[in-house]
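There are 2 protein chains.
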Amino acid sequence: MTFVFATAEDAEEAFYEAIGRSDLDTLMSVWADDEEIVCIHPTGQRLSGATAIRESWQNIFATNPSFNVRVTHQVRWESVLIAVHSIVETLCLGDDPSQHGPMLSTNVFIRGANGWRLLSRHTSAAADALGDDTAAFEPHSSSRHTLH
Amino acid sequence: MTFVFATAEDAEEAFYEAIGRSDLDTLMSVWADDEEIVCIHPTGQRLSGATAIRESWQNIFATNPSFNVRVTHQVRWESVLIAVHSIVETLCLGDDPSQHGPMLSTNVFIRGANGWRLLSRHTSAAADALGDDTAAFEPHSSSRHTLH
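Chains as they are written, first to last, in the numbering used here: chain A, 1 to 148; chain B, 1001 to 1148.
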């Protein structure tokens, strides 16, 4: 199954829609066909290469209720061949009306022969107060992030 | 003060050396001259634009002992105009011989008229056991990361 995404936005939309359907094949089709693709989850696991990334998302879909990702507060940098999207994500889990997050994702897309593809995704918990940088770096203290 | 970095590696090396010297001007000179530059700190703060990023690092240098960053376990994707480096960072703080981390950083560099520049940096705490993806995503649980 091969999709051709005309824009980075199309590829990103397909990625999040695939998450909402727990659709592993479509989700994987968004990634670039490249050994150096990297996916970093909010728990701090880094997966590199299609096999490891597929196994990771298969495990996520198998062990969690279905969930949708709501995307807000985008900062986008785009050129002819590359797009870097910094976004804020919130999660809606199964039938639970409450939202979980916020999380920050940096999604890097590249344009190749088969259109736009996801090259790198880095996700981590956002500070409770986005935009407050007064405690941006505290190596001596614990940094505790809770999704609730 | 303007440096011209011939490679993304040169720009990255200058960035970490500037951190080690608490050298704010050199650190800022590595960033691209672009409104959409983004820096995400391990605490979950996202800064966008040179002014906010400069203030943030100024605060980091002012409120912490000097520290060096050791870079390992790189996954690099590079093309003619863009480079995406996924790296593991450990910190050495002041005279403290112990190391802090690991942290994961995704550094995105672009090549422009003035050589290679940093466009986006996303840093977050790494899982204690890198490569273990068995708990890659647990939206119901707390995700606690400690730098010690």
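In case anyone wonders, no lab produced these hints; they're calculated from the structure.
Incorrect hints may have been included.
Partial list, computed: chain B residues near chain A (C-beta under 7 angstroms) [what the hints assert, rightly or not]: (1) Thr1002; (2) Val1004; (3) Asp1010; (4) Val1038; (5) Ile1040; (6) Thr1051; (7) Ile1082; (8) Thr1106; (9) Val1108; (10) Gly1112; (11) Asn1114.
Restraint-style ranges between C-beta atoms, simulated for each label pair [to be verified]: (12) Gly112(A) x Ala1113(B): 20 to 26 angstroms; (13) Glu55(A) x Gln1058(B): 40 to 46 angstroms; (14) Gly112(A) x Glu1035(B): 38 to 44 angstroms; (15) Val1080(B) x Asp128(A): 24 to 30 angstroms; (16) Glu36(A) x Asn1059(B): 16 to 22 angstroms; (17) Val1004(B) x Glu55(A): 39 to 45 angstroms.
Beta carbons are placed, not taken as given, at the ideal position from N, Cα and C, and that holds for glycine.
Structure-based check of all given hints:
1. Thr1002: Status violated, d = 21 angstroms.
2. Val1004: Status violated, d = 20 angstroms.
3. Asp1010: violated, 20 angstroms
4. Val1038: holds, 4 angstroms
5. Ile1040: holds, 6 angstroms
6. Thr1051: With a closest approach of 11 angstroms, the Thr1051(B) hint is violated.
7. Ile1082: holds, 5 angstroms
8. Thr1106: Given a least distance of 4 angstroms, the restraint on Thr1106(B) holds.
9. Val1108: For Val1108(B), the interface hint holds, since the closest Cβ of chain A sits about 6 angstroms away, which is under 7 angstroms.
10. Gly1112: Because about 10 angstroms separates Gly1112(B) from the closest Cβ in chain A, which is outside the 7 angstroms limit, the hint is violated.
11. Asn1114: violated, 16 angstroms
12. Gly112(A) x Ala1113(B): 20 to 26 angstroms: Holds - the Cβ-Cβ distance for Gly112(A) and Ala1113(B), about 25 angstroms, lies within 20 to 26 angstroms.
13. Glu55(A) x Gln1058(B): 40 to 46 angstroms: Holds: the Cβ-Cβ distance is about 42 angstroms, inside 40 to 46 angstroms.
14. Gly112(A) x Glu1035(B): 38 to 44 angstroms: violated, 27 angstroms
15. Val1080(B) x Asp128(A): 24 to 30 angstroms: violated, 41 angstroms
16. Glu36(A) x Asn1059(B): 16 to 22 angstroms: violated, 34 angstroms
17. Val1004(B) x Glu55(A): 39 to 45 angstroms: holds, 42 angstroms
Violated hints for the displayed structure, listed by number in ascending order: 1, 2, 3, 6, 10, 11, 14, 15 and 16.
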